[in-house]
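Taken in order, these protein sequences are the chains called V and Y.
Numbered per full-length UniProt numbering, the first sequence spans residues 1 to 342.
Numbered per full-length UniProt numbering, the second sequence spans residues 1 to 572.
No wet-lab data here; the hints were simulated from the structure.
Please note that the accuracy of each hint is not assured.
Each pair of labels, with its calculated beta carbon distance range [what the hints assert, rightly or not]:
1) Y:208 <-> V:110: 31 to 39 Å
2) Y:449 <-> V:164: 58 to 66 Å
3) V:110 <-> Y:294: 32 to 40 Å
4) Y:208 <-> V:124: 24 to 32 Å
5) V:54 <-> Y:97: 19 to 27 Å
6) V:22 <-> Y:494: 48 to 56 Å
Straight-line C-alpha distance at most 27 Å; calculated DSS-like pairs for lysine-lysine [stated by the list, open to error]:
7) V:99 <-> Y:196
8) Y:196 <-> V:111
9) V:72 <-> Y:298
10) Y:292 <-> Y:103
11) V:129 <-> Y:298
12) V:129 <-> Y:204
13) Y:196 <-> V:102
14) V:241 <-> V:176
15) Y:204 <-> V:128
16) V:305 <-> V:18
17) V:118 <-> V:101
18) V:72 <-> Y:196
Just so you know, even glycine gets a beta-carbon here, dropped at the ideal spot from N, CA and C.
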Amino acid sequence: MITFQDVTIKYDDFTAVKNLNFEVKDGEFFTFLGPSGCGKTTTLRSLVGLIQPTSGEIYLDDKDITNLPTEKRDIKMVFQSYALFPTMTVYENIAFGLKVKKVEKAMIKQKVADIAKKVDLAAEQLAKKVSELSGGQQQRVAIARALVNQPNILVLDEPLSNLDAKLRVQLRNELKSLQKNFGITTVYVTHDQEEALTLSDRIAVFNKGEIEQIGTPEEIYEQSNSEFVCNFIGENNNITKLVTNHPERFDRLNLEENNAFYSRIEKLKISLFGQTYPLVEDELSFTGKIIDSEYYGIYTKYSIKVEDTVVRAVLKEKLSLGTDQNEKVQVILSQQHILQYK
Amino acid sequence: MDTLKNRWNKWNPVTILLSFFIIWFVFAFLVFPNVNTIYETFFGTGTFSLEPVEKLLRSDRAVQSVLNSILLAIILVFTVNIVGISLVLFTNYFDIKGASILKLSYFSTLVYGGVALNLGYKLVYGKNSPLTDFLTQINPNWDGNWFSGLFAVGFVMTFACTSNHMLFLSSALRNVDYQTIEAAKNLGASQITILKNVVLPTLKPTLFALTIITFLTGLSATSAPLVFGGKEFETITPMILTFANSSSSKDLATVLALVLGIVTIIVLTFMLRSEQKGNYISISKTKTTLVKQKINNKTVNILVHIIAYILFIIYTMPVLAIIIYSFTDAMAISSGFITWDSFTIDNYLLTFSSLEAVRPYLISLGYGFAGSFLVVAFCLLCAYLMKKYNNRLTRTLDFMLMIPWFLPSTLIAVGLTVTFNTNQWVVLNQVFTGTLWLLLIGYIIVNIPFTLRITKSTFFGINQEIEDAAKNLGANAFYTFIKVLLPIILPSIMGIYSLNFIGILPDYDLTVFLYHPLYEPLGITIMNATGNSASADTKALNLVYTVILVILNTMILTAVYGNLRFRKRKKV
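Isolated chain V (complex conformation) (with noise of 0.2 Å):
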């Protein structure tokens, strides 16, 4: 288990993180989430020992290990670009770590073929210089050369995000399945949400150097306890001014602590005009005017207008045939799934 105590970081007069205090669980998927510049990655630096917190502890297990240089801890990095060593082959890459640590030269052998195994590289490449091997060969190499010291936690600093879409999604699933077939403790840092929500037991979110949230992604994303983290995550719909202009009728939100609200665009309901909709009891229906429709073969996504307000909402199947701008429409909104802050 690694827990954090009041971590804060600092460069000269910067501060990077402050104050930091959570755990990650034995075994647990743990992401840093965020957008760029908001310390996650300093916050993951510390925890590997690459650099120093200015005040605070960190510890492994209930063992201090603040100060302990990287090389005597027991985590294992895999880098932004990977850091293969480019004068080296594969197999040299792979065995770095044990060669230093002096194991005997037949245990690296089977080690290293071992490893090979399983994150799937083939033998013949072991031979290959690293900048023969493709991106998803190399993030390979990079998670092997660390999963090979038997590592007690898996650092990962934003490892897809030098790839390309598609290949991007082939090695999260990837990565994904070698977490559960290793049962690794895993720290995660990314700045894409997609690959946070699908990859994470937990999620940290991190805003300026402090943690806004913490949770399980469905925690995150449903019930996401700040204006920030709302936004920051999935596609949302304004709707303040339209709760500020029918207090009446929004009678389930605390209207006198909260003054800003939002609607998740798949939690919209439409209905065409004219058509019954039975409503629930804390469902409300208004009338608006569909401005612009965008095709996404999956889903199709409508931008309406509700009095001063443009909402969208996504649907699975396109509105009845014809269905096109400037159509009356119902728009039905959920009160609980109502997002609402101070």
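Once you have looked at the hints, place chain Y on chain V.
Chain Y in isolation, oriented as in the chain V frame:
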């Protein structure tokens, strides 16, 4: 469309004219003189004869000089690399206290190369220097001429030839992806393992090129052996110079120059073959900047600091000596002994009082500006054509333009003097030997390979889409070149221009073969003042020359590189 345009361009009269000019120049000055030298040597009498070779082998002095040069080159490969790598590590890799001051002194060889540097070392270690006096006082049996022979030449050249390391190895080191160092650390490697197994292997290609340059420099060393070698350590080039100056042994000079060329080519082929194995391609797409490493082991840290500052002293003393002695009277300069009364600014007044005194300066400045400009312009043209038309002709051109790298400058110089001694049809029956042109041509030739490499890599580094965009917006080739391409490449072009310029200013090794006796360039003047027979006044004058040279070069380098290279990176 593109091919159509290219086809049209192939028949562009300007391009054709320029191509013919390049072909003529390459043939007339790079190929013809060297081939002609070989021909003249062995077929000089009309029939093939090995007579000159036999003559050479009979001369023990000549044979010994060849061996000495090879020995010197081999020693330098080791010493220069060791010192050069240390300098680069101390200034760029390790966290050393006072690194910015160290850097300044380590960079000093850049602003006073060749003869000027020899003058400085002579002042510090020579016969009448305070250091020698001190040693004689401690040990009365100490030889006043102790600083001569192989040791002295090797010592001076070791510290004189590290400029390229400071420039190119430093930049190669800065290109190392810092994440690889962190990764190695994270995998448990010690500092020494990281340096040995991760950092140094990455520098191998650069080190390899530097090794070749060092070897060639050692092989054709001229001024240092002349000043410090003495009778017991003579090397090839000064020997060639001696032979070339007497008509009876001119053929010996060419044979010796050929020997130099052959050794060079053998070494190069051998090295190029072994280079193939050591190559690698960096795969990092998101590099992070190198962070200086603090040495963890206390003893090692102290030791490294001590070595760094000893090197600082070695590098600083000669340049400091030049500056100090330039402000002293003739008495102090000849005796080496300075009192408070010795200080004067008369030397400077003397230098600027007559046009005669600044003449060598003006001559060298003229050669520097003109030679450097012409070589840059020529290489720009060649690089542009090579990028535009990648065909057999341009590839051959690329190879031909590398000739001066494969041949020692001494051989080139001898080739030029021997060939253009008489009317040659290839240059419309002109005689160049004994004119101002020969030296200019020499400067251009020897600076071609390096200049071309830099301009080419700059040119090829430009994203093709930028050029396409300019053309797409309606600009013609010339306008695109002037308004779009030139501004992009200008910083590197200015860099290479200034490096060529400060290389030409104090040059001796090539100049001595080619200069017009009535127009003595700076390198020759300073060299004459370094000799033991020179009068104190001449010496004083040349100290002033050197100081001005140092100031001038520093100004040029800081103006060109100041904003790019020497400025400290701000922490992000």
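Against the structure, the hints come out as follows:
For residue 208 of chain Y paired with residue 110 of chain V, a C-beta distance near 35 Å keeps the hint of 31 to 39 Å intact. Take residue 449 of chain Y and residue 164 of chain V: their Cβ atoms lie about 40 Å apart, and the range 58 to 66 Å is violated. Hint check: residue 110 of chain V to residue 294 of chain Y, Cβ distance near 37 Å, so the stated range 32 to 40 Å holds. Under the hint 24 to 32 Å, the C-beta atoms of residue 208 of chain Y and residue 124 of chain V, about 29 Å apart, fit the expected range.
Between residue 54 of chain V and residue 97 of chain Y the beta carbons are some 23 Å apart, a value that agrees with the proposed interval 19 to 27 Å. With their beta carbons about 53 Å apart, residue 22 of chain V and residue 494 of chain Y fall inside the hinted range of 48 to 56 Å. Taking the CA atoms of residue 99 of chain V and residue 196 of chain Y, the gap is near 14 Å; set against the 27 Å cutoff, the hint holds. A C-alpha spacing of about 24 Å is found between residue 196 of chain Y and residue 111 of chain V, which places the hinted pair at or below 27 Å, so the restraint holds.
Taking the CA atoms of residue 72 of chain V and residue 298 of chain Y, the gap is near 19 Å; set against the 27 Å cutoff, the hint holds. Under the criterion of a C-alpha separation no larger than 27 Å, the hint pairing residue 292 of chain Y with residue 103 of chain Y is consistent with the structure, at around 14 Å. Using a Cα cut-off of 27 Å, the hinted pair residue 129 of chain V and residue 298 of chain Y is violated, with the two alpha carbons roughly 37 Å apart. For the hint pairing residue 129 of chain V with residue 204 of chain Y, the CA-to-CA distance comes to about 16 Å; that is within 27 Å, so the pair holds.
Using a Cα cut-off of 27 Å, the hinted pair residue 196 of chain Y and residue 102 of chain V holds, with the two alpha carbons roughly 16 Å apart. The hinted pair formed by residue 241 of chain V and residue 176 of chain V fails the criterion: a straight-line CA distance of about 42 Å is larger than 27 Å. Distance restraint check for residue 204 of chain Y and residue 128 of chain V: the Cα-Cα separation of roughly 19 Å lies within the 27 Å cut-off, and the hinted pair is therefore satisfied. A distance of roughly 42 Å separates the Cα atoms of residue 305 of chain V and residue 18 of chain V; the hinted pair therefore is violated under the 27 Å criterion.
Of the supplied pair hints, the one linking residue 118 of chain V and residue 101 of chain V holds, its CA atoms being roughly 22 Å apart against a limit of 27 Å. A C-alpha spacing of about 20 Å is found between residue 72 of chain V and residue 196 of chain Y, which places the hinted pair at or below 27 Å, so the restraint holds.
Hints 2, 11, 14, 16, counting from the list given before, are not met by this structure.
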